[in-house]
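A.B. asks: Sequence:
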Amino acid sequence: MGVEHDVPKAGYVGRILQLVQSALTKRRNRNWFDGKSARIDWRNEALVVYAQSPILLGWLQKNYHDLLWESARMVGGPDAVVRYEVDAALKPEVPVLAAPAAQTLPVRGATRALAPASTPPSRSRQNKPFELQRFVRGPSNELAATAVQTLIEFPDSCPNPMYIHGGVGCGKTHLLEGLREGLGRRQPGLQLLAITSEEFTNLFTQALDTRSLPSFRQKFRNVDVLLVDDVDFFDGKRVVQEEFLHTIKHMLNHGRRVVVTADRHPRLLSRTSDELLSLYQSGLVCRLEAPDATTRLNIVKQLADRMKLNATVDALEYVAERFTRNVRELEGAVHYLTTWQNVNGTRVTVSAARDALSVLVRDCMKIVRLADVENAVCNLFGLPADELRSARRQRTVSEPRMLAMFLARRLTQAAYTEIGAHFGGRNHSTVMSAERKISGLMKSKASVRIAAQDWPVSELIAQLEQQLKAV
1 MGVEHDVPKA GYVGRILQLV QSALTKRRNR NWFDGKSARI DWRNEALVVY AQSPILLGWL
61 QKNYHDLLWE SARMVGGPDA VVRYEVDAAL KPEVPVLAAP AAQTLPVRGA TRALAPASTP
121 PSRSRQNKPF ELQRFVRGPS NELAATAVQT LIEFPDSCPN PMYIHGGVGC GKTHLLEGLR
181 EGLGRRQPGL QLLAITSEEF TNLFTQALDT RSLPSFRQKF RNVDVLLVDD VDFFDGKRVV
241 QEEFLHTIKH MLNHGRRVVV TADRHPRLLS RTSDELLSLY QSGLVCRLEA PDATTRLNIV
301 KQLADRMKLN ATVDALEYVA ERFTRNVREL EGAVHYLTTW QNVNGTRVTV SAARDALSVL
361 VRDCMKIVRL ADVENAVCNL FGLPADELRS ARRQRTVSEP RMLAMFLARR LTQAAYTEIG
421 AHFGGRNHST VMSAERKISG LMKSKASVRI AAQDWPVSEL IAQLEQQLKA V
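Straight run, no breaks: the sequence shown in full-length UniProt numbering ends on number 471.
The reader is advised that the hints may include incorrect statements.
Okay, derived cross-link-like pairs now, DSSO-like style, lysine-lysine, Cα gap no bigger than 27 angstroms in a straight line [what the hints assert, rightly or not]:
no.: 1; residue 1: LYS469; residue 2: LYS445
no.: 2; residue 1: LYS62; residue 2: LYS308
no.: 3; residue 1: LYS237; residue 2: LYS249
no.: 4; residue 1: LYS36; residue 2: LYS62
no.: 5; residue 1: LYS249; residue 2: LYS301
no.: 6; residue 1: LYS36; residue 2: LYS308
no.: 7; residue 1: LYS301; residue 2: LYS445
no.: 8; residue 1: LYS219; residue 2: LYS237
no.: 9; residue 1: LYS249; residue 2: LYS219
no.: 10; residue 1: LYS443; residue 2: LYS469
Rather than coming from a laboratory, the hints here were simulated on the basis of the structure.
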């Protein structure tokens, strides 16, 4: 392929686009770089390909890189390269069915709802359909889903406050937003405020700086229902915790409802005050786990139906089998296959799914390192890393160290000697001993002490594993 020396740089993009489009036979393929889903630009002697999402960007790179590179070299010279960048301003690459619009809720003094009523349906409501009827139930989430539905239909019979916890992408925000929509539909006059813990913190800090605490407190304490997402953000923020504690107390004393979400059980919030932890646990604590195989398949089928994905049953089963950590992985895989279908115009078979998703399967493999295990255990027990590696034998240090060694053997590829060396230069027999002791504690249903409370070792291991395996 020769170099077109007579093309001015200002015309590079147009000429490259002509070359690419002329090489593509199908019209739908030629339209990929029309500036809607993806676009190209020439910058610093490089062809830059932009797409709306990393998923589409990876797909374009896999399928069109050679063509793009040859076209860039033909126009820009033999040293031309191709770079790939995400441009969130581009339109989503996958058409999604519009979800029914949620009823506008009367919110007194809210800064931003989890899914604001003012957000255009084409963005929030189309791409994040959080209605409860779309929430796929299974053993991993049945308690939380039932509790939320009960709160909507029979609010007086539901414990207060409600605390929903689980890992990334397991449905916490879906349930919280579904609760907001359901309560507003059933009780149109309800005064409801939905906010994230980070927003609460920022508003509280602003109120302190501007000496406007009375108006801040009135804003939060006079609503009928307060929904707060990700309260684990408060961990370690003593002053904010104190304010939030008094906010919840005030609301409970006046018969108002509080629902919060977090990434872990209250007892694992090691830097949260005992009084606030006690308040969380005085109501209903619901855990969301990673979906089981049956639930994953049902989720994939629902997503495929909503996105109009024409795929064989074994292709859908393949998705459910390969993406096991959370719902977001499943959603990303179905989006990817829908894009593939739109490009190729054919039904997605299991072999096509296996080939198309090979990049995603590789990228979703979480590699757990010894440092990851160490950080997770140190954060949980409030220990500095050098203390975990020290020679101290007190239970407050030795038990977390044994847990770390056990998890390292279970989740990493490290050998006994490597684990021992990482945790303070110990030999392999020390690691083997720790592994046996933790296994014995799990079998005997023993507990360890965290934040002045006993916690079953088996549940602790499960929580830490879920955290370490999360994206």
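A.B. asks: Would you mind marking each hint as holding or not holding in the structure?
C.D. replies: Comparing the hints with the structure gives:
1. LYS469 to LYS445: 23 angstroms, holds
2. LYS62 to LYS308: 24 angstroms, holds
3. LYS237 to LYS249: 18 angstroms, holds
4. LYS36 to LYS62: Since the Cα atoms of LYS36 and LYS62 sit roughly 19 angstroms apart, the hinted pair holds (cutoff 27 angstroms).
5. LYS249 to LYS301: 43 angstroms, violated
6. LYS36 to LYS308: 20 angstroms, holds
7. LYS301 to LYS445: 38 angstroms, violated
8. LYS219 to LYS237: 21 angstroms, holds
9. LYS249 to LYS219: Between LYS249 and LYS219 the Cα gap is close to 15 angstroms, so the pair holds against 27 angstroms.
10. LYS443 to LYS469: 23 angstroms, holds
In this structure, the earlier hints numbered 5, 7 are contradicted, and the remaining ones agree with it.
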